[in-house]
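**Student:** Listed below are the residues making up each chain.
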Amino acid sequence: MPAQVETIGLRVAFGAVVAIDSLDLAVQPASSVALVGRNGAGKSTTLRVLAGVLPATKGEVRVGGIDVTRYPAAAKARVGYCPDVGGLIPRATAWEHLALAAKLRDLRPGWADRAHALLERFDLLGAADRVTAGFSHGMGRRLSVVLAVLHEPQVLLLDEPFDGVDPLGVEATMEVIAQARASGSAVLVSTHLLALAAQACEEAVVLRAGKIVAAAPSSELRGEAGEQRYRALLA
Amino acid sequence: MSQAQLPSLVRLRWRMVRSERVRVGLLFLAALVPGVLCGAVIAGQLVPRAGSFNATVLAPTAFLGFAVLALVAPLAAGGGNELFPPEQLVTYPVTPMTDFLASLLVAPLNLAWMSQFVLLFGITSYITVGHAELGLALVTTLVYVAMVTVAGQMVAWLLIGARQTRAGRRVVWAITGVIGITAIVIVRAHLGYVVLDHAPTTPVVSTVLSGADRHYSHWMSGTVALAGILLGCLWCGQRACAWALRRPGDRTRFKESRSHARRPAARSPLATLVRIDRANVWRAAPLRRGLMVLVVLPGVVAAGAALQWESVVLVPALVAAGAGLLYGVNMFCLDAGGATWLASMPHRPRLAITAKTIVLAETIGGSCLIAAVAGSARATGAPTLANLTAVAGCLLSCTAMVLATCLQLSVDRPNRADLRGRRDTPAPPAAMAVYSVRLATASTLVGLLFSLAAHQNAWQACILLTAGLVALSGLSIARSVRQWDDPGTRARVVAAVANG
Chain A
592 MPAQVETIGL RVAFGAVVAI DSLDLAVQPA SSVALVGRNG AGKSTTLRVL
642 AGVLPATKGE VRVGGIDVTR YPAAAKARVG YCPDVGGLIP RATAWEHLAL
692 AAKLRDLRPG WADRAHALLE RFDLLGAADR VTAGFSHGMG RRLSVVLAVL
742 HEPQVLLLDE PFDGVDPLGV EATMEVIAQA RASGSAVLVS THLLALAAQA
792 CEEAVVLRAG KIVAAAPSSE LRGEAGEQRY RALLA
Chain D
30 MSQAQLPSLV RLRWRMVRSE RVRVGLLFLA ALVPGVLCGA VIAGQLVPRA
80 GSFNATVLAP TAFLGFAVLA LVAPLAAGGG NELFPPEQLV TYPVTPMTDF
130 LASLLVAPLN LAWMSQFVLL FGITSYITVG HAELGLALVT TLVYVAMVTV
180 AGQMVAWLLI GARQTRAGRR VVWAITGVIG ITAIVIVRAH LGYVVLDHAP
230 TTPVVSTVLS GADRHYSHWM SGTVALAGIL LGCLWCGQRA CAWALRRPGD
280 RTRFKESRSH ARRPAARSPL ATLVRIDRAN VWRAAPLRRG LMVLVVLPGV
330 VAAGAALQWE SVVLVPALVA AGAGLLYGVN MFCLDAGGAT WLASMPHRPR
380 LAITAKTIVL AETIGGSCLI AAVAGSARAT GAPTLANLTA VAGCLLSCTA
430 MVLATCLQLS VDRPNRADLR GRRDTPAPPA AMAVYSVRLA TASTLVGLLF
480 SLAAHQNAWQ ACILLTAGLV ALSGLSIARS VRQWDDPGTR ARVVAAVANG
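Those protein sequences? They're chains A and D, same order as listed. Residue 592 is where the first sequence starts when you use our numbering, and the numbers rise one by one after that. Residue 30 is where the second sequence starts when you use our numbering, and the numbers rise one by one after that.
Please keep in mind that the hints were generated in silico from the structure rather than gathered at the bench. Keep in mind it's a predicted model, so treat the numbers as computed, not measured. Hints may be right or wrong, so weigh each one.
Stated by the list, open to error - Straight line, CA to CA, 25 Å or less: simulated SDA-like cross-link-like pairs of lysine to any residue:
#: 1; chain 1: A; residue 1: 649; chain 2: D; residue 2: 410
#: 2; chain 1: A; residue 1: 649; chain 2: A; residue 2: 699
#: 3; chain 1: A; residue 1: 802; chain 2: D; residue 2: 294
#: 4; chain 1: A; residue 1: 649; chain 2: D; residue 2: 98
#: 5; chain 1: A; residue 1: 649; chain 2: D; residue 2: 225
#: 6; chain 1: A; residue 1: 649; chain 2: D; residue 2: 378
#: 7; chain 1: A; residue 1: 649; chain 2: A; residue 2: 701
#: 8; chain 1: A; residue 1: 649; chain 2: A; residue 2: 804
#: 9; chain 1: A; residue 1: 649; chain 2: A; residue 2: 719
#: 10; chain 1: A; residue 1: 649; chain 2: A; residue 2: 720
#: 11; chain 1: A; residue 1: 802; chain 2: A; residue 2: 707
#: 12; chain 1: A; residue 1: 649; chain 2: A; residue 2: 631
#: 13; chain 1: A; residue 1: 649; chain 2: D; residue 2: 271
#: 14; chain 1: A; residue 1: 802; chain 2: A; residue 2: 607
#: 15; chain 1: A; residue 1: 649; chain 2: D; residue 2: 406
#: 16; chain 1: A; residue 1: 649; chain 2: D; residue 2: 421
#: 17; chain 1: A; residue 1: 649; chain 2: D; residue 2: 75
#: 18; chain 1: A; residue 1: 649; chain 2: D; residue 2: 481
#: 19; chain 1: A; residue 1: 802; chain 2: A; residue 2: 602
#: 20; chain 1: A; residue 1: 802; chain 2: D; residue 2: 517
#: 21; chain 1: A; residue 1: 649; chain 2: D; residue 2: 517
#: 22; chain 1: A; residue 1: 649; chain 2: D; residue 2: 511
#: 23; chain 1: A; residue 1: 802; chain 2: D; residue 2: 75
#: 24; chain 1: A; residue 1: 649; chain 2: D; residue 2: 376
#: 25; chain 1: A; residue 1: 649; chain 2: A; residue 2: 615
#: 26; chain 1: A; residue 1: 649; chain 2: A; residue 2: 816
#: 27; chain 1: A; residue 1: 649; chain 2: D; residue 2: 377
#: 28; chain 1: A; residue 1: 802; chain 2: A; residue 2: 619
Claimed, not checked - Computed footprint of chain D on chain A; a stretch qualifies when at least three of its residues, placed anywhere within it, have a C-beta under 8 Å from a C-beta of chain D:
#: 29; segment: 613 to 619
#: 30; segment: 770 to 779
#: 31; segment: 809 to 823
Built from N, CA and C at the ideal position, the CB exists for glycine as well.
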């Protein structure tokens with residue numbers, strides 16, 4: 592089967608600063624890959640390009656088999672994206688975010704039941720009608736994950752989904768990642784938390800200065816030995 | 030410590046002005062101020078003397094007007110403008126004195142304050158022609174301007190502190206109500222002239238004139254008294270600031286935990302986005318307060334003054350610029366961090382900019398309409414066809430022009446602004462000063478053109494002018510929308526408003 596996420600020779604530059612250089616990445620259907628690396632390695636930039644938020648300077652980018660540059664709307668329809676910071680309209684309620692996502696994605700009338708179930712699973716039901724400016728950081732992260740998975744996307748892009756999230760929230764996020772993978776979606780998780788990355792994904796790709804420096808099964812990055820190997824790759 | 034803190038903060042703020050054009054604009058404005066003041070003084074000396082007695086009689090009213098402005102401007106801004114939003118300085122040991130001096134420093138970055146300051150200098154020069162010492166008179170005016178500006182900031186900080194509790198808010202509302210009712214009684218009882226004849230600024234004008242006449246002892250005692258009040262306000266102001274900052278957090282934070290009732294789904298994606306943007310405006314404390322002030326204040330003043338129809342024409346022009354400055358100059362900041370998520374949604378890019386344009390047009394047009402209707406309610410005499418055409422034309426033209434400028438600025442110069450605190454603005458103070466000059470100058474000129482056309486009874490000219498200005502604005506809006514179509518431009522705007 593063709594890869595659900597594919598970048599060939601991806602380069603992203605902000606003026607003289609090169610954030611990503613010649614990145615070749617592929618994520619197969621029904622699989623999950625963790626993008627790990629130090630701050631500024633290019634993890635979030637890669638996900639932004641895949642989500643269609645940031646145009647690539649050079650190279651090919653495809654999600655769900657669709658060229659993101661040429662057919663952005665079709666590509667975005669296949670993607671569920673949780674941005675790294677914020678990601679929420681400050682004075683809209685959680686439910687208004689879900690209703691907006693449903694309308695823009697043209698979801699079937701039953702979306703509200705799924706939204707309700709997701710809010711319950713992420714312990715956000717009680718806060719569904721509050722504006723997100725009053726949310727804690729962890730609540731905001733959890734809602735961003737809910738918004739990313741609402742439409743059961745073909746490609747799930749999660750940028751730092753565990754950052755500042757309590758153990759129950761981490762557990763719920765792990766569940767939705769496993770479910771997405773089980774239903775045939777490709778999942779790409781960017782995080783600097785190696786242990787959670789190894790737990791959530793089957794494979795890990797280590798980025799350094801915008802380039803892939805290693806790719807290995809997550810099992811090889813578990814435990815003390817895995818930690819030491821990871822540190823050596825970051826240095 | 031504040032003596033060292035303030036220059037550091039000012040230097041940082043200056044370095045944070047990334048745009049070369051804004052820097053040049055600010056330096057140009059700063060260089061312009063002494064020149065304009067000199068121009069006002071020279072003009073005051075050269076203007077024919079036919080009305081000099083009237084000017085002397087009316088001078089206390091002009092000085093009083095400046096005092097009212099110095100009090101109202103920081104209140105309208107939720108308690109004075111800020112050099113930095115409080116969130117950005119929360120981890121630093123910034124002293125209340127620094128906070129107070131910073132709010133004083135940015136107070137003149139306000140077109141209304143600056144134009145009134147220039148006017149006072151011009152009036153001082155005009156009423157002292159033929160007298161010996163213009164310099165002494167100008168010193169008194171300068172001390173007076175400084176005194177009322179500091180007093181305005183002091184009152185603003187007191188009100189910020191008072192409004193932190195429910196009882197305090199009730200007291201502030203009660204005082205506002207009493208002032209409003211008193212104003213209505215004075216207007217209805219035709220006591221305006223009596224009140225103005227006894228304006229508390231009469232001794233100030235007397236001091237100005239005594240300085241010009243070389244009555245040194247009178248001038249000295251008056252000016253020293255003003256300087257004493259100035260120092261007193263400085264002392265009290267920084268204590269009021271410290272008191273206000275010690276009080277429990279801003280109630281806007283508590284409002285953020287309130288629930289909002291769900292509404293039935295909107296018909297279309299555009300309607301859904303418009304609904305979210307409207308909520309984003311009305312749920313933001315500084316925008317809600319700004320809209321109320323903008324709609325109520327000019328309308329009430331215009332109604333109270335019982336303007337001529339040619340002057341009513343100017344009301345929409347003055348309100349339009351203010352409405353644009355509320356959030357329009359950086360309209361994508363409404364989405365803040367949510368801009369990144371929204372950009373990942375599968376919709377036509379024009380949908381987002383169209384929704385925001387609709388809501389901004391409602392804000393500007395609605396504010397202008399309410400202020401114009403309030404202003405015309407007590408306008409003197411029956412309106413002619415030219416008067417009505419001029420008011421409608423000015424409203425449409427100014428709305429379209431301000432909308433076009435706001436769209437252009439939003440696409441060209443986006444920046445992060447949370448608009449959560451009561452004093453938050455959509456852009457840094459210096460940029461806001463440049464934007465206010467740009468918007469107010471254009472809309473006031475347009476207002477004057479329509480006023481002139483109404484005065485000449487030329488309704489056809491009003492229609493032609495409206496058609497031309499709306500068409501030009503339409504072209505500018507179309508250009509901004511085409512810019513927004515570019516993925517690189519959108520990415521730049523989203524990155525700026527979401528991440529700063």
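**Student:** It remains to establish, for every hint, whether it holds in the given structure.
**Tutor:** Verification of the hints:
no.: 1; hint: 649(A) x 410(D); verdict: 68 Å, violated
no.: 2; hint: 649(A) x 699(A); verdict: 37 Å, violated
no.: 3; hint: 802(A) x 294(D); verdict: 45 Å, violated
no.: 4; hint: 649(A) x 98(D); verdict: 55 Å, violated
no.: 5; hint: 649(A) x 225(D); verdict: 70 Å, violated
no.: 6; hint: 649(A) x 378(D); verdict: 22 Å, holds
no.: 7; hint: 649(A) x 701(A); verdict: 40 Å, violated
no.: 8; hint: 649(A) x 804(A); verdict: 20 Å, holds
no.: 9; hint: 649(A) x 719(A); verdict: 41 Å, violated
no.: 10; hint: 649(A) x 720(A); verdict: 42 Å, violated
no.: 11; hint: 802(A) x 707(A); verdict: 40 Å, violated
no.: 12; hint: 649(A) x 631(A); verdict: 19 Å, holds
no.: 13; hint: 649(A) x 271(D); verdict: 54 Å, violated
no.: 14; hint: 802(A) x 607(A); verdict: 16 Å, holds
no.: 15; hint: 649(A) x 406(D); verdict: 62 Å, violated
no.: 16; hint: 649(A) x 421(D); verdict: 51 Å, violated
no.: 17; hint: 649(A) x 75(D); verdict: 66 Å, violated
no.: 18; hint: 649(A) x 481(D); verdict: 57 Å, violated
no.: 19; hint: 802(A) x 602(A); verdict: 10 Å, holds
no.: 20; hint: 802(A) x 517(D); verdict: 23 Å, holds
no.: 21; hint: 649(A) x 517(D); verdict: 13 Å, holds
no.: 22; hint: 649(A) x 511(D); verdict: 23 Å, holds
no.: 23; hint: 802(A) x 75(D); verdict: 72 Å, violated
no.: 24; hint: 649(A) x 376(D); verdict: 24 Å, holds
no.: 25; hint: 649(A) x 615(A); verdict: 12 Å, holds
no.: 26; hint: 649(A) x 816(A); verdict: 37 Å, violated
no.: 27; hint: 649(A) x 377(D); verdict: 23 Å, holds
no.: 28; hint: 802(A) x 619(A); verdict: 20 Å, holds
no.: 29; hint: 613 to 619; verdict: violated (count 0)
no.: 30; hint: 770 to 779; verdict: violated (count 0)
no.: 31; hint: 809 to 823; verdict: violated (count 0)
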